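Asks: So you can see what is in the structure, the chains are spelled out below.
There are 2 protein chains.
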Amino acid sequence: MKIFNKVAIIGTGLIGGSIALAIKNRKLANEVIGVSRKKRNLLLARRRGAIDKGSQELGIIKEADLVILATPVNAILELAPKISKIVKKDCLITDVGSTKEKIVLNLEKIFPNFVGSHPLAGSEKRSIAYADPKILEKSICILTPTKNTNKKALNKVRLLWSKVGARTILLTPQAHDKILSFVSHLPHIAAFSLIGVVPGQYLKFASTGLKDTTRVAASDSELWAEIFLSNQKNILKAIELLENNLKRIKRAIRKNDKKRLSLILNEGKIKRETLL
Amino acid sequence: MKIFNKVAIIGTGLIGGSIALAIKNRKLANEVIGVSRKKRNLLLARRRGAIDKGSQELGIIKEADLVILATPVNAILELAPKISKIVKKDCLITDVGSTKEKIVLNLEKIFPNFVGSHPLAGSEKRSIAYADPKILEKSICILTPTKNTNKKALNKVRLLWSKVGARTILLTPQAHDKILSFVSHLPHIAAFSLIGVVPGQYLKFASTGLKDTTRVAASDSELWAEIFLSNQKNILKAIELLENNLKRIKRAIRKNDKKRLSLILNEGKIKRETLL
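Residue numbers (the working numbering), protein chains in the order written: chain A, 41 to 316; chain B, 41 to 316.
Take these hints with a grain of salt, some might be off.
[Said to hold, decoys possible] Below, in silico cross-link-like pairs of lysine-lysine (DSSO-like), each with a Cα-Cα straight-line distance of 27 Å or less: (1) A/Lys-273 x B/Lys-299; (2) B/Lys-299 x A/Lys-142; (3) A/Lys-64 x A/Lys-174; (4) B/Lys-218 x A/Lys-299.
The hints are simulated quantities; they were obtained by calculation from the structure and are not laboratory data.
All values reported here derive from a predicted model rather than from experimental measurement.
Turn these sequences into a full structure, and let the hints guide you.
Replies: As C-alpha cells, this is what we get:
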C-alpha cells in the first residue's frame with residue numbers, strides 16, 4: 041500500500057536508515073531518497089536497499105511529498121529553514137528528534153504541514169550499518185501535535201508509523217519532553233556518570249551487571265549532549281530527584297539500617313518488575 | 041575427572057544450583073548433596089539433576105569433603121559456626137559470597153581449610169529454576185586467599201572453578217571488596233535509585249535504554265541490602281564519586297556548556313567501549 045510517492049530521509053543513520061528500509065520493504069512509497077553529509081553512508085544505504093537515490097545536497101528533495109528529518113536535534117533546527125526553501129508547499133514534514141518542545145515550536149512556524157514524531161527505538165550504535173526495520177516493530181512512536189497541526193498531515197504521518205509497525209501515542213511536546221527526561225535522558229546520564237567513575241583498571245572485572253547498566257554510555261557523546269541541553273529544565277529536575285534518592289540510600293547504608301535500605305531498594309524492584 | 045567424593049552445596053538457588061549442575065555434568069564429584077531451607081528448592085534441584093540428595097537439615101553434610109556456601113552473605117556468616125560442628129576436620133570450605141572481607145575474616149577463624157571465592161556470574165533472577173551451568177563458563181571467579189590459607193585447599197578449590205569453566209583470579213579480600221564496590225555494587229545502587237525516581241505512569245514509555253540500565257534493580261532487595269551493608273565503607277566512597285560526577289554533568293547542563301558536557305560524557309563512552 042503506497043502512502044507516499046516520494047519520501048526523503050535527511051540523515052541516513054541508524055534511525056533514518058531503519059525507517060527507509062521499513063518503507064522500502066513494505067512498499068509504502070514509490071521512491072525513497074536519502075540525504076547525508078557522508079558519501080559513504082549514502083553508498084551503504086543504497087547497497088542495503090534502504091534508498092533508491094542519495095545525495096549530499098538538499099536539492100534532491102524538491103519533489104518529495106514527505107520529508108523525514110532524522111539527524112541529531114541541533115541539525116534538525118539548523119536544516120529546517122534551508123529545507124523550507126526547497127520543498128513543495130504541500131510537502132509533509134516530520135522529524136525523529138529525541139526532544140520535541142524546541143523542535144516543534146520552531147518547525148511548525150517554518151512548515152505549514154509539520155508533525156513532530158519520536159520513535160522510541162534505536163540503540164547505542166550509530167550509522168546505517170546497524171539499521172534494521174525490526175527496531176520499529178512493536179515500538180512506540182510518540183507524535184506531538186499542537187493546536188496548529190494540520191489534522192490531515194497528522195493522520196498521514198500517523199499512518200506511516202503504524203505501517204512500519206509502531207504503536208502511535210499522541211502527547212503534547214511538553215509532556216513528551218518531561219516523560220523522556222525520566223525514561224530515556226536520565227538513564228543515559230546515570231550510565232555516563234556511572235561508567236565515568238569506575239577506575240579503568242577494574243573494567244576487566246565487569247560482569248553483566250555493569251555492562252547492562254552502562255550499555256547506553258557507549259552512545260555518541262555529542263549527540264547526547266545536544267539532547268540533554270535541548271531538554272535542560274526537565275533533566276535538571278530529574279537529576280536532582282536521582283541525587284536525592286542516592287542520598288537516601290547512602291544514609292541508610294551509613295546508618296547500617298538494613299530494614300530501611302531494603303525498603304528503598306524494594307521501591308525500585310517493584311517498579312522494575314513491571315517492565316519486561 | 042573426579043576432584044571430590046562428596047560435595048555439599050548449602051543454598052541451592054541460582055548460583056548454588058548452577059555450580060551443582062556444572063559439577064554433575066562434568067562428573068567432578070561422586071555425589072552432590074544440597075541443603076536448602078525450602079523443600080521445593082530441593083525437589084526442583086533433584087528433578088533438574090543438580091543434586092543426588094537433598095535435605096533441609098545440615099546433618100546431611102557430615103561426610104562431605106567440600107562444602108560450598110551459596111547463601112546470601114549474612115546466612116553464610118550465621119551458618120558457618122553450625123557447619124563447623126558437623127563437617128570432618130579435613131573438609132574444604134568455600135563460599136560464593138558477594139563481599140569477602142567480613143566472610144574471610146570470620147570463616148578462616150572457624151575452618152582450617154577455608155578458601156573465599158566469588159564467581160562473577162548470576163543475574164537478577166533467583167531460585168534453582170534459573171540455574172544454568174553455562175553462566176560459569178568463561179566467567180571470572182575471584183579467589184581471596186590470605187596468609188592463613190592452606191595452599192592445598194586453595195589449589196583444589198581453584199581447580200574446581202577452572203573445571204566448571206571459570207577463569208580464576210587471586211585477590212586479597214580487601215582488593216576484592218573495593219573492586220566489586222565499583223563493578224557490581226555501585227551499578228546496582230545506580231539502577232535501584234534510578235528506577236525509584238521514574239514516575240510509575242511513565243513506565244509504559246520505557247524502551248531498551250531504561251530497561252537495560254535498570255535490569256539489575258529487579259534483583260532481590262534484601263539480598264542486596266546485605267551486600268551493601270557488608271561493604272559499607274567502599275560503597276559509601278563509590279556513591280560519593282558517582283554523586284560528584286552527576287554534579288559535574290548537572291553543572292555543564294545548567295551552564296549550557298555543550299563542549300564541556302560532551303567531554304564529560306565522552307570520558308564515560310571511551311571506558312564503556314572497552315567493555316564488550
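Asks: Next, verify each hint and record whether it holds.
Replies: Now the hints, each set against the structure:
Of the pairs offered as hints, the one joining A/Lys-273 and B/Lys-299 holds, with about 19 Å between alpha carbons and a cut-off of 27 Å not exceeded. For the hint linking B/Lys-299 to A/Lys-142, the alpha-carbon distance of about 20 Å falls within 27 Å, and the restraint holds. For the proposed pair A/Lys-64 and A/Lys-174, the alpha carbon gap of about 13 Å is at most 27 Å, so the pair holds. Of the pairs offered as hints, the one joining B/Lys-218 and A/Lys-299 holds, with about 24 Å between alpha carbons and a cut-off of 27 Å not exceeded.
Hint compliance for this structure: every hint is met.
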